[in-house]
Structures are given as structure tokens and as C-alpha cells.
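*Asks:* Based on the provided sequences and hints, a complete structural model is requested.
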Amino acid sequence: MTEKLVYDYTMEALLRVLGQPLTAEHLTGLRALGVDPRQFQPAYPADTYTQVLNFIVAELWPQLPREEAGFELGRAFMRAYQQTAMGKAVAAVTRVIGPHRSLERMSRNFRSANNFTETKLNKVGPNHYELWFNHARHTNFFRGLLTEALTRTGAREVSVTLLTLGEATEATFHITWSQ
Numbered sequence: 027m028t029e030k031l032v033y034d035y036t037m038e039a040l041l042r043v044l045g046q047p048l049t050a051e052h053l054t055g056l057r058a059l060g061v062d063p064r065q066f067q068p069a070y071p072a073d074t075y076t077q078v079l080n081f082i083v084a085e086l087w088p089q090l091p092r093e094e095a096g097f098e099l100g101r102a103f104m105r106a107y108q109q110t111a112m113g114k115a116v117a118a119v120t121r122v123i124g125p126h127r128s129l130e131r132m133s134r135n136f137r138s139a140n141n142f143t144e145t146k147l148n149k150v151g152p153n154h155y156e157l158w159f160n161h162a163r164h165t166n167f168f169r170g171l172l173t174e175a176l177t178r179t180g181a182r183e184v185s186v187t188l189l190t191l192g193e194a195t196e197a198t199f200h201i202t203w204s205q
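In terms of my numbering, the sequence shown opens at residue 27 and continues consecutively.
Simulated from the structure, these hints should not be mistaken for lab results. Even glycine gets a Cβ: it sits at the ideal position worked out from N, Cα and C. Mixed in with the good hints, there may be bad ones.
Using C-beta positions, here's what the derived DEER-type ranges look like [as the list claims (entries may be wrong)]:
#1 191 x 64: 14 to 20 Å
#2 138 x 73: 36 to 42 Å
#3 57 x 185: 36 to 42 Å
#4 65 x 204: 42 to 48 Å
#5 200 x 67: 31 to 37 Å
*Replies:* Okay, structure coming up:
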């Protein structure tokens, strides 16, 4: 089985959520997790990425319930990702093609971030989809990420809710919006 890896620019975007420059406490905490922001590795194990997600939630939103903090991190991640070279390219395309086609390209978009995410999209009706992920360990992070991503494509009143949580890390999200 191939090791699940998250690419360096995805980790870079996640760390941008902490703000720049990173504090000494953030640097110490990240290095303890095996991440040196001054010298990124080409890729990181998915478990390391998950640990960094948890670290950032604890650092930035300790007062929020875990679910809400995960949602906020997903939104903040998407904003930070779109500041990276890869994120700028993806954002430029998704703004042009809009929310429907952006959702249709979701597997490709996530494959630019890691080597393991697969999605399946089911159109339920106009501006109404179900999106399955083979690996969505932090479902509220994904809710926030999808909400922010679709909003940036021009969708309004975006709603992303967890429909089902499957075996291991599978999840299906119910997505609606108005235009």
C-alpha cells in the first residue's frame, strides 16, 4: 500500500493560517511534530498533517467547540492556500468555471494537494450535490474548506453539511447554494 502523503505547498498553506512570522512557540510545536517551516520536505505523511491540523486548532481557536474550530480552520486554510502558487492557479480556474464545474473537478483539485484523496460527485438537483470523499478524517475542516472554496467561485448562501460518515475515514457531504 502506498503511503498517504500531503505535498509541501499544502503544508505551507496550512501553516500560513498561523500568521507570519511564526512565533517561537509555534516553531517549537511544529518541529516537535516533525515539520520545520524553514525547510519544507517535498511531502509529509497524512498523519503528520492531521497532527498539525489539531495543533493549529488548539492554538488559534481554543475557546471554540472542536467542530466549530475545525470549520474555521477549513475556511482559513482555503484563504491561505489561494495565496500559494498552486492555490492561485486553482483559484483562477475555479473563478472562471464556477461552482458546478469546480465540484466536477474536485478529485483533480485534491490530487494536487495529496496523493490519496478521491471524490465522487452526485448531482441531486440544481445547485444541490452530494460529494463523497474516501478520506475526510476532519469532517468540519472539509465543511469549512468546501464552503470557502464554493463561495470564492461565486456561489452564494453556501451550505455544506455532513450527510454520512462511512467506514474508516469516508464521508459524504450535502452541498447547496444559490446564485
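*Asks:* Does each hint fit the structure? Answer for all of them.
*Replies:* Verification of the supplied hints:
For the pair residue 191 and residue 64, the supplied restraint of 14 to 20 Å is violated, since their beta-carbon distance comes to about 37 Å. A C-beta distance of roughly 20 Å is found between residue 138 and residue 73, which places it outside the suggested range of 36 to 42 Å. Roughly 39 Å separates the CB atoms of residue 57 and residue 185, a value that falls within the hinted 36 to 42 Å. At roughly 45 Å, the beta carbons of residue 65 and residue 204 sit within the given window of 42 to 48 Å.
Distance hint check for residue 200 and residue 67: the Cβ-Cβ separation is about 36 Å, which falls inside the suggested range of 31 to 37 Å.
The structure fails hints 1, 2 (numbered hints given earlier, in ascending order).
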